[in-house]
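Enquirer: What follows is the residue order along each chain.
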Amino acid sequence: GEQVEQLPSILRVQEGSSASINCSYEDSASNYFPWYKQEPGENPKLIIDIRSNMERKQIQELIVLLDKKAKRFSLHITDTQPGDSAMYFCAASENYNQGKLIFGQGTKLSIKP
Amino acid sequence: ETAVFQTPNYHVTQVGNEVSFNCKQTLGHDTMYWYKQDSKKLLKIMFSYNNKQLIVNETVPRRFSPQSSDKAHLNLRIKSVEPEDSAVYLCASSYENTLYFGAGTRLSVL
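In order, the protein sequence lines correspond to chains A and B. Here the working numbering = 1-based position in the first sequence + 3. Here the working numbering = 1-based position in the second sequence + 450.
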């Protein structure tokens with residue numbers, strides 16, 4: 004089955020700078036790649052996603068890139084703010100309608116003031 | 451806005467006991483899931499149901515059994531809990547692959 008690797012596990016950046024999280028997957032059939040944010044004591048929530056027919060997607064300060072050939076995708080948070088501090092999870096799904104998401108190990112992002 | 455409801459929020463029990471967790475979603479989704487999040491925050495899918503039918507059953511110990519009475523409800527029973535079952539159990543429903551998680555049930559096995 005699909006496996007998703009996520010790095011780094013811990014990321015500390017200065018407020019206002021950019022943060023990047025990288026993920027790789029194994030199954031070339033995967034075609035849907037969401038990112039979830041989990042704040043302390045809260046449940047994970049979808050923040051942005053990308054499908055395999057796209058290479059780049061941006062929602063405000065969030066940018067996701069997908070390299071299907073390399074089987075890698077990444078999340079970039081520009082102009083980080085204290086509210087961006089949280090756990091971030093990438094995921095991959097081999098069937099858009101199947102709904103079986105395989106999550107990466109998570110990245111704990113801390114924004115230093 | 452909470453639309454996936456889980457009970458209980460917390461449960462403390464002893465090794466060998468049976469526990470049951472409840473989950474209900476009011477979003478009208480056809481698919482529901484149970485995920486386990488361990489102390490390292492790893493999120494792993496356990497089960498997936500579509501319209502009361504089991505469609506995903508990951509490799510989990512046989513003491514775990516999901517139960518679905520209708521597409522809005524998906525419960526989880528653990529028969530004879532083990533220490534490694536201590537975790538947060540997250541129920542979710544989905545629409546077009548977007549997962550909507552409940553608040554979770556934190557299980558502590560003493």
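Keep in mind that the hints were calculated from the coordinates and are not lab data. Think of the CB as a built atom: it goes at the ideal place given N, C-alpha and C, for glycine as much as any other residue. Careful, some of the hints might be misleading.
[Unchecked claim] For lysine to any residue, the following SDA-like pairs were computed, each having C-alpha atoms within a straight-line distance of at most 25 Å:
| hint | chain 1 | residue 1 | chain 2 | residue 2 |
| --- | --- | --- | --- | --- |
| 1 | A | Lys111 | A | Ala32 |
| 2 | B | Lys490 | A | Lys72 |
| 3 | B | Lys491 | A | Ile53 |
[Unchecked claim] On the chain A side, residues computed to face chain B include the following (Cβ under 8 Å):
| hint | residue |
| --- | --- |
| 4 | Pro47 |
| 5 | Ile51 |
| 6 | Ser55 |
| 7 | Arg59 |
| 8 | Gly86 |
| 9 | Phe92 |
| 10 | Leu104 |
| 11 | Phe106 |
| 12 | Gln108 |
Enquirer: Would you mind marking each hint as holding or not holding in the structure?
Expert: A quick look at each hint next to the structure:
Proposed proximity of lysine 111 of chain A and alanine 32 of chain A is contradicted: the alpha carbons are some 28 Å apart, above 25 Å. Between the alpha carbons of lysine 490 of chain B and lysine 72 of chain A the distance comes to roughly 31 Å, so the proposed pair goes past 25 Å and is violated. The suggested pairing of lysine 491 of chain B with isoleucine 53 of chain A holds, with an alpha-carbon distance near 23 Å, which does not exceed 25 Å. A cut of 8 Å between beta carbons decides the hint on proline 47 of chain A: the least distance to chain B is about 5 Å, and the hint holds.
Look at isoleucine 51 of chain A: its Cβ only gets to about 11 Å from chain B, farther than 8 Å, so that hint breaks. For serine 55 of chain A, the interface hint is violated, since its Cβ never comes within 8 Å of a Cβ in chain B; the closest pair sits about 12 Å apart. Annotation: arginine 59 of chain A was flagged as interfacial toward chain B, and the flag is violated, the nearest CB pair being 19 Å apart, outside 8 Å. For glycine 86 of chain A, the interface hint is violated, the least distance from its beta-carbon to any beta-carbon of chain B being 19 Å, above 8 Å.
Against a cut-off of 8 Å between C-beta atoms, the interface hint on phenylalanine 92 of chain A holds, since the closest Cβ of chain B lies about 6 Å away. The interface hint given for leucine 104 of chain A is met, as the beta carbon of that residue sits about 6 Å from the closest beta carbon of chain B, less than 8 Å. Among the interface hints, the one on phenylalanine 106 of chain A holds; its C-beta lies about 4 Å from the nearest C-beta in chain B, closer than the 8 Å criterion. Hint on glutamine 108 of chain A holds. Least Cβ distance to chain B is approximately 6 Å, under the 8 Å limit.
Hints 1, 2, 5, 6, 7 and 8 from the list above are not met by this structure, while the remaining hints are.
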